[in-house]
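Undergrad: Chain by chain, the residues:
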Amino acid sequence: MILVIAEQQQGKLNRASWEAIAAAQQLAAGAMPVKVAVAGQGLAGVAGELAQAAVAEVLTIDHAALATYTPDGFVQALQQVIAQVAPTYVFFSHTYQTRDFSPTLATRMDRALVTDVIAIRAVGGATAFARPMFQGKLVADVVPQGEGPFLVSIQIGAYRADTAAKGSAAAPITAAAVTIDESKIRQKPEAPFQEAKQAVDLSQAERIVSVGRGIKAVENIAIAEQLAKAFGAELAASRPICDNGWLPMERQIGSSGQTVAPKLYVALGISGAIQHLVGMKGSRTIVAINKDADAPIFEVADYGIQGDLFELVPAIIAELQKA
Amino acid sequence: MAERETLEVDILIVGGGPAGLSAALRLAQLQKQKGGEPLAIAVIEKARDAGTHQLSGALLDPSTLRDLIPDFAAKGAPLAAEVHQDNIYFLTAEKKLPLPITPPPFRNHGNYIISLNQFAKWLAAQVEAEGIDLFMGFPGQHVLFDDTAAPGAERRKVIGVRTGDRGIGKDGKPKGAFEPGADIHAKVTIFADGVRGHLTKELIQTLHLSATSEPAQFAIGIKELWDIPKDRLAPGTVIHTLGYPLRDEEFGGSWLYAMPEGRLSIGFVVGLDYQDPLFDPHAAFQHFKRHPFISGILGGGSIVRYGAKALPEGGWNTQPRLHFDGGVIVGDAANFVNSTRLKGIHLAMRSGMLAAEAAFDAVRAGDTSSTSLASYKALVDASAIKTELYPVRNVHQAFGAGTMAGGAYAGIAMFTNGKGLPDISGHPGHQAMQKIEDYYGMTKRDILVPSNAAPIDRRLTFDKVTGAHYSGTHHDEDQPVHLLVQTDVCHSICGPEYGHPCVRFCPASVYEMVDNGAGGLKLQINASNCVHCKTCDIMDPYGIITWVAPEGGEGPSYDGM
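Those protein sequences? They're chains A and B, same order as listed.
Heads up: the first sequence at position 66 corresponds to 66 in this note's numbering, and the numbers run straight through without jumps.
Heads up: the second sequence at position 404 corresponds to 404 in this note's numbering, and the numbers run straight through without jumps.
I should point out that these hints are in silico values taken from the structure, not numbers from a laboratory.
Every value quoted in this text rests on a predicted model; they were computed, and no experiment measured them.
Among the hints, erroneous ones may be present.
[As the list claims (entries may be wrong)] One-sided and incomplete, this derived list gives chain A residues near chain B with beta-carbon spacing under 10 Å:
#1 ARG213
#2 PRO240
#3 GLN275
Even glycine gets a Cβ: it sits at the ideal position worked out from N, Cα and C.
Chain B with its partners taken away, still in its complex shape:
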């Protein structure tokens, strides 16, 4: 059997999204500015090609980009269109009501509509041009801790990451082409593993990084890329909607971003703190597309791509402790998203830059302890990240009291800049889901049909399996299932209590309850449909689903998303 390889670097960046790539680029810049012995830097990314797992709306606030790459236009940054028109509507079942004013967070002049896939691909090219190694198709499997510390020592030092094995069969045994993952040792590891990063989750649990944070809050964003008749929406048109088909108890809304050549990004966001156990976010998106306003925009067009991704919504107070011995956390993994502005790319990039500065100095000083890396937290606190996130720190939590109450709170926070408002304590979103008996009383229901089931016409609306196809997702069938589920819960209490909500909150039909041949149901996991959105890891009411990385290079193929 092949030996496990070990690679030594100075700084390891885990994740090739906007945060990780910005960190890498900033390190290259610091190296040039400050000179000295060149640092060994490596970036690992689970996708086969740069940008392939990147999904966002996306609107880019270019403030960080200007600081990181001032000549971004000359370098051909792929900014699809500058925003020239903002619209926000409240939808009822039949009508659209324009909001009297566009609330400030929804004003997007000066921002750009981008494809995050294209943008990350371009950023990766800038990083490679600086001579930094990008290891594509290498997921981090586990955090490596230094276990040589004295027994009973409280704090454990992170010394790197072990990448995933290749060539393990369904039965867990090595196949012909087995290749063990490599141990990458680093003086500093920058964790940029995205929303609900599976390594960051391991860090938070092992090092208790969220002990003093508010519980993280998430939403799921389901997106489609469409080609519509070219004259229907001018490129640069931005539309957001609130309301239909969501009820007051559900948090969320939609976006439509028009790009050149009739390319349209359309998506729907639902807070992963809904109460109705039989609610299905994907079905809500289908209802939304059937609204006369939306179907009028999409009619005659066709779907090009599909995808989904969870997004952090909890804001400033939910950030974990950002630094520890041997590492820091950046970007979505640290919950740096401004959910009131629906933007996080610029914050992810900013946190990557700041982490790079702290890590560079720490390595140069020969001290990569948590105390030394605390300079990263100080930089974040003095940066635009805090200026932007602190005033709106309670907004998502306030929506826990309903859309109307939350909206009112958001308004107050905006006017007062968040001053003098008490911190609102939230609960983990999945705890909001009620049991069938509590939500529906004793009414018997067919638990496998969503309460908001939507008609599927295969023109405007699609089932999840068709969506999985349009996500381009691919996984070798002959490998261990990468979703670890304690199925005894599924087969005992989950049916009567929650009616198997995984079947509904998964946007790619990974979870299916099938006939067990004995008059009951059993869980079937179609792991190869997975689009790596992390929703199951977040939303399952018992916390019994753990997402781990499948074989390197596999997953969705988000060209143009």
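So here's chain A without its partners, still in its complex pose:
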């Protein structure tokens, strides 16, 4: 059995949880059941959403001590639930939160943890988890050793959320009982930072319009903004734009910014330096507009238009407004 740990914040499900469910369903291939657990407080809405998936059960780990995330609280709760459910694998999506607590959880359980997995395949009869090394230059097939359950975190964007199979009927929702010793929670979370409050989490965006140096001047950002509005997309940028202060740094995509995998990524005047590509190449459909036919962005684009964005973008906006 595979237990997927979904992630939520204040009753809002992290979209990447669907990717972890998709990965679990593909590995299970109907031959083993998949269950989903989610921790927090006030989980009815999130659980209902998760119950649409073709899974055997949705477990809610509802506890006042889990209302705000702490690594110690989550490790205590998840360790108990994993012991109760006794799965073969535990899947997470490789979010910041997973990165924070999963090493502790694995160490506490003395079980193997394979992080940032991009594919699962059979290697010599064993199930191997492929994960990138050397900044994505090499991919290693990792076969976890020792006793299960094996803990696996799935890279965001490696599996598509919309391939997660939905069930014909809602899955049963069960409350998992856990006892949490609050005196063992060493972290005392404070109110989120001011900058975090304003931050845009581009990794949750379904559509992104991203601008690069080809936009030429700060006043031209408005053109990209209009296109983003027409698409219902978030606005993002490559590094030079944020360096210039034309857009805030939190909207930067790439190795020194955010990694995203939206359904649609429109790159306007972005040449496609490798630092940018690593932040968006997992996008489902990439549309690139660039004057330079040799720009590396065209190597990853599904649709490429060689041309002047100042002519093309208004034309696209006009078409979108017609529709």
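Given the coordinates of chain A, work out where chain B should sit on it, guided by the hints.
TA: Frame of chain A, contents of chain B only:
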């Protein structure tokens, strides 16, 4: 705001490379041999993990290693392959011409191909096993001088190092996680901060340590690690080339070192004394990879890592005064590299060992003055460092007259063991760069295109930004720029005079001239691309770039380099 902490040790070693780590290990050995009250020893290193900022070819002459760790093989020293075949070629644009004999400095039997990153990591483990504290991710920010000396006193005593602050924002103001650097006070500080060490530079300026030395000479080495088909080069194969794509006026050449499993170290060295202001060393490396001989070796392979580092080339006569009140200088920081043999790791290690011996005795004797620490210089003069470097002391300087003339001089020096040859006085390399008008006459040129621009195919050849990615370099964007530049020079005379050469000599696209919105250009510093090679600090023709340490733990990630 947090208080600045002070730490007291007997001996502080600044820099966790081969020199610093050898010093630390030798101190632990002396402690065991000589007994007595244990000395407090600390090593600080700016990289997050041991070896992460270490880059070299590298060929290791194991002579010092044998003396320092006689059972190095049993202790699992990571020596990738023993050299079993030496090749040296002169390249023309299309062909390779084997040299009739392999010149003695290029004979490498008995030497090992190593990854300096792995080697330093292993050395650090040996040091930690001796119970010495390695503080990783702590760059030295400034040298601490004893300012209690009488006013007007000429000599200033070094009392330690201040480490870098953490958590300063782009605007120079402390962020939420601000933590001031610590003052580490030591009776003796061993400066092992590497080629063009920024603390050693401060020492040289403040204490006039180079007053009687020849000007230091440097080169830039640009390296890539490749995976190529396993059967292409036998592990232990060493290839060096001279010639193409460099012209007679440029000093340099290449290396290819084959390791097991198809792993190949390939790199290109260019003297930082080239004349053409529009020349680009990185572009030269790309041309080199496109040479039929080289592309035949690399074809079908793929790049794994990229990096660059300056290297001291000036030799014996360029060493600064090695000792002063409260400290000594070792390794690359003291220019201990044999550029004719392309080797310095064993000399760095040797100087670290000798400095450890001098420092240990000085602390025990309760006298860490310059006079007491002069024993380090005496040990260096009586050691293999001098035996090896003195005969070839003028070779790099002779190359100032052109590759052919330099080669002839190197040959004579080799046969006579350097005896009877007059010292050649060199000029600082960056002074060799000519102004556009002088080099090109009045010809107008597009100053932002290198004179040796190379095609980029993203298979064999890569642009610098892609290189920066493969260096694994990382810096928090929200911190002060760690390259201090007097930009009024960039925005006034540098364009017309030299055409902004920083854009070309930087191997990681840190410097960019961008549209200033008023029809001109302005300098944009992409500090987070920096691979800590120090080339800009060395080569800028006006001497207006100063490299300082960024936040601790940041910089390249040279796994396997």
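Undergrad: Decide, hint by hint, whether the structure agrees.
TA: We went through each hint and held it up to the structure:
1. ARG213: holds, 9 Å
2. PRO240: This hint holds: PRO240(A) lies near chain B, its Cβ roughly 8 Å from the closest one there, short of 10 Å.
3. GLN275: holds, 5 Å
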